[in-house]
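> With chain A's structure known, arrange chain B on it following the hints.
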Amino acid sequence: MIEINGKEISDLTDLQDEKMKSDLLTLNMGPQHPATHGVLRVEIKTDSEVIAEAKPYLGYLHRCFEKHAESIDYRGIVPFVDRMDYLGAMGMEWGYAVTVEEMLGTEVPRRAQYIRTIVGELQRIASHLLFYGVYAIDLGAFSPFLYAFEEREKILRFFEEMSGARLLYNYIWIGGVWNDITDDQLVRISKFIENLDEELKKFHALVGENKIFIGRTANVATVSEEMAYSFGATGPVLRGSGVDWDLRKKRPYGIYEELDFDVHVGKGEKGTVGDCWDRYQVRVLEMHESIKILRQCLDGIEEGSIMGKVPKVLKVPEGEIYMRTECPRGELGYHLVSDGGKTPYRLKVKSSCFTHVSMLPALAPGQLIADFVATIGSIDIVLGEVDR
Amino acid sequence: MSGITPDISDFATKDNQIGHEELTFGKWLGNIGHAVRTCFKGLMITGRYIVAVKPVTIEYPEVREELPSNSRSRLFNDVDNCISCLQCAASCPVDCIYITATRRDKEAPKLKTDDGTPIKLDLNQYTIDTALCCYCGLCTTVCPTECLTHTVDYEFAQYTLSEMKYDYLAEDIRAWKHRVVK
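Protein chains in written order, with this note's numbering: chain A, 1 to 388; chain B, 389 to 570.
Any given hint could be a false lead.
[Unchecked claim] Selected chain A positions facing chain B (Cβ under 10 Å, derived; list incomplete): (1) Arg-75; (2) Val-78; (3) Leu-146; (4) Glu-150; (5) Asn-179; (6) Lys-211; (7) Ile-214; (8) Pro-252; (9) Tyr-256.
I should point out that these hints are in silico values taken from the structure, not numbers from a laboratory.
Glycine included, each C-beta is placed from N, C-alpha and C at the ideal position.
Excised from the complex, chain A in its bound form:
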């Protein structure tokens, strides 16, 4: 007796019969498919080009982060959180550091806060530039990818000089940051962002205003406000649906309270509110806002120490906490439970990409396969964060 999908099947021929009766063609997209941005497998049932059902399968990149974290000391977890969203690792580290600092009651020095904001916003730009390039590839344009990577590579070079690594930094530590930023680097960053504004406008003219791109993304995979709320969407996906929600504004952490920037929401300029084009536009506008924040930070950065007072042997007092921060891809939440020991009792991560993947089955029915590729691209998932 075999059991498949909850049904007991006595004979394999019965199963074949059942499959033969269906008019739908089952197709596996992934796990090794360039359009799924990692190892996501989506089982789609299609009627010719039109998708009737889509079912994402996860777990190809699962690394047991939660269980690992229970046996590693608090400082050693930082390299592990890097590996969740490897394209926005600074955001991951920052969220973790804020969580543990809140439990310890550590005060982070002002200079460290500024450096954190600078690297966090640079990371947001790098992450969105990657989205811009890869999304263009998804829709069949290759050159924008190379242009975006040229700029992104400059940011990664700054990170390499500061932390020593291109992607997995281990830079934001509990209590502060690892290395200080030099004046020379600050000057070079301000030079870099001066040109970036122009470059971004050029990029937007190249892709975002192109008629073919608009035709591929406008009115595709519309996420209504109600739908975004009920699925728990966050970050650019939620803002693309016209909801003005940004944790940096609504629940400020770090020094975001003192900074002046706007939150952009989708307006449905080219189609309906909440379509793929709106999500694209929100990310592009967010990069301009990040540049604005960077300018203020570079002007206002203060002298001082970069590490707060943290005991050498880190023991977090008993209790639990849930902290969330705004990462490039959405809200990242850490639920930390401590029993007073050297290692966390439990460290659960709430990832935005995971919630966004859960929207796929609702968005897919009725779409063309080519539009489904545009849908996966527009929610900008990183499978390292989905599976953890």
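The following block gives chain B in isolation, referenced to the frame of chain A:
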């Protein structure tokens, strides 16, 4: 909508993906005009890259990129300065550093590291499994004598996993000291 958990059928029935508004001849012409205009604009931007922008690609084996000085690449331990304090092994999140040390004979000549710390233990084994290493840099920050460092050496691919285990007491690896450490 009812309840907190989203029901896929609430949204999936909406026919918002297919179905276009009616296409008239004028709209059709306008679409073509818009497409030609915006594509031409894009081609002007890409065209500038052909003539006005210098290539940024580094032609790898011929031209080798120099990494920033604090880049975290291959680990090197200068065993002559190591005091076998085991702090690196304790801080390693993936436990890839293997150290064995024995107490030094009292009659044996007194040894000191370059910065003057007395060496009280004889180092018998110092092995790092580079294949396991995650290059986080936590071991180098705790090292009291600064003997364990990341180098900017980034070409160390091997054919087998066992070759990635570096025994820093071996003669050939000790010789790196003059090559990679400045």
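> Does each hint fit the structure? Answer for all of them.
Hints and how they fare:
no. : hint    : verdict
1   : Arg-75  : holds (7 Å)
2   : Val-78  : holds (7 Å)
3   : Leu-146 : holds (9 Å)
4   : Glu-150 : holds (6 Å)
5   : Asn-179 : holds (7 Å)
6   : Lys-211 : holds (4 Å)
7   : Ile-214 : holds (8 Å)
8   : Pro-252 : violated (27 Å)
9   : Tyr-256 : violated (28 Å)
When the structure is compared with the earlier hints, violations turn up for hints 8 and 9 and for no others.
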